[in-house]
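*Asks:* So the chains spell out like this:
2 protein chains.
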Amino acid sequence: MKAKVYVTIKQNVLDPQGNAVQGALHTLGFNEVGKVRIGKYLEVELDTNDRAQAEERLTVMCEKLLANTVVEDYRFELEG
Amino acid sequence: MKAKVYVTIKQNVLDPQGNAVQGALHTLGFNEVGKVRIGKYLEVELDTNDRAQAEERLTVMCEKLLANTVVEDYRFELEG
Chain A
14 MKAKVYVTIK QNVLDPQGNA VQGALHTLGF NEVGKVRIGK YLEVELDTND
64 RAQAEERLTV MCEKLLANTV VEDYRFELEG
Chain B
14 MKAKVYVTIK QNVLDPQGNA VQGALHTLGF NEVGKVRIGK YLEVELDTND
64 RAQAEERLTV MCEKLLANTV VEDYRFELEG
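From first to last, the protein sequence lines are chains A and B.
When you number the first sequence by the working numbering, it's gap-free, plus one each residue, and the end is 93.
When you number the second sequence by the working numbering, it's gap-free, plus one each residue, and the end is 93.
Calculated directly from the structure, the hints in this document are not laboratory data.
Because the structure is a prediction, the values reported are computed rather than measured.
Hints may be right or wrong, so weigh each one.
For chains that are exact copies, the list does not tell them apart, and a pair is met inside one copy or across any two.
[Claimed, not checked] Distance condition first, Cα-Cα at most 30 Å in a straight line; then the derived DSS-like pairs of lysine-lysine:
id, residue 1, residue 2
1, Lys77, Lys53
2, Lys15, Lys53
3, Lys48, Lys23
4, Lys48, Lys17
This is chain A alone, in the form it adopts within the complex (with noise of 0.2 Å):
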């Protein structure tokens, strides 16, 4: 079973990565480029075919190592 996660910066967090790469595409000329906003896209294998207990167990990962919950949010999807 393969997993995707996606953490994102929290809406009210502020993002510098983000407002540098907005700078850098307005420095190159796309213009139409408003806010930007970076987070992580994980790919994780799971040996596992009970879909509940990977979903749960994928929680606890985020929640202990993959997002820090104090500014990002986090939501994955299982495939397979």
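Fit chain B to the supplied structure of chain A, relying on the hints for placement.
*Replies:* Frame of chain A; chain B shown alone:
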């Protein structure tokens, strides 16, 4: 219009960050975890309603700045 951009490391390129996370998850007791690959996830707001043009411009943004096409792949979705 809003774009979601996914930048991932190419299949045949090593991902040391992913390997480190895989090791950390094993250390935490998540032994069902197999390969972990880490990429970037960007949300970009675009001040345009022309979908075809937005796709074309986003491709150029990815090629020029958002992805390192030597070692990374990219894909994007447009919303709204």
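*Asks:* Tell me the numbers of any earlier hints that the structure contravenes, in ascending order.
*Replies:* none
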